[in-house]
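A.B. asks: For the sequence shown, position 78 matches number 78 in this note's numbering, and the numbering has no gaps at all.
Think of the hints as simulated: they come from the structure by calculation, not from any bench. You may find that some hints are simply not true.
Claimed, not checked - Computed beta-carbon distance windows for the label pairs:
1) Asn146 x Glu97: 37 to 45 Å
2) Gly53 x Asp98: 33 to 41 Å
3) Pro55 x Asp98: 38 to 46 Å
4) Leu139 x Glu97: 15 to 23 Å
Even glycine gets a Cβ: it sits at the ideal position worked out from N, Cα and C.
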Amino acid sequence: MIKSPIKTIKEAITIHIILDNIRSAYNVGAFLRTADSIGHCHIYTCGYTPEAGHPKVHKTALGAEESVPHSKVANATGIIQTLRDRQIPIFAVELTEDSIPFHHVTYPHELALVFGNEIDGVSPEILSLADQTVSIPMLGMKKSLNVATAGGILLAEIAKQHIYDAKAVC
């Protein structure tokens with residue numbers, strides 16, 4: 001018999017996912033679907049990021065927009081400030097001089113992850129509001145991943161730290 005990798009969650013986790021000026025509705029749908037697999041996520045679409053009701057979002061989300069809480073906000077700075085006022089740590093996902101590899105971070109039980117535009121990344125203004133910048137080490141020629149893929153990697157790491165029994169999965 002295979003041992004279930006799910007362990008009892010002693011404290012609920014809450015992940016606030018901030019999508020700032022994401023161009024592709026398909027990426028938003030992929031985020032919704034991935035967030036559904038983790039649970040305990042809220043997605044904020046900011047700026048010109050397509051909303052969950054967009055047909056292309058629905059095509060990729062496959063109904064996850066019904067199970068994952070989501071909100072449209074005018075800009076990322078407003079929701080970041082609201083979360084900061086609630087003492088929720090803000091992690092920007094971006095390669096910078098100060099970024100820490102994502103797998104070297106111990107994530108708290110409640111946090112916000114900020115993902116930026118597919119071409120320009122997280123804006124300097126948003127980076128200045130983050131408590132920490134995390135990055136995904138890249139070994140190939142390219143120095144970036146698709147934003148939804150990067151989101152999946154970060155969410156899997158957070159789930160590994162708080163939900164899954166790492167010994168059973170690894």
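A.B. asks: Each hint needs a verdict: does it hold in this structure or not?
C.D. replies: Hint check:
1. Asn146 x Glu97: 37 to 45 Å: Violated, at about 23 Å.
2. Gly53 x Asp98: 33 to 41 Å: holds, 37 Å
3. Pro55 x Asp98: 38 to 46 Å: holds, 39 Å
4. Leu139 x Glu97: 15 to 23 Å: holds, 19 Å
The structure fails hint 1 only (numbered hints given earlier).
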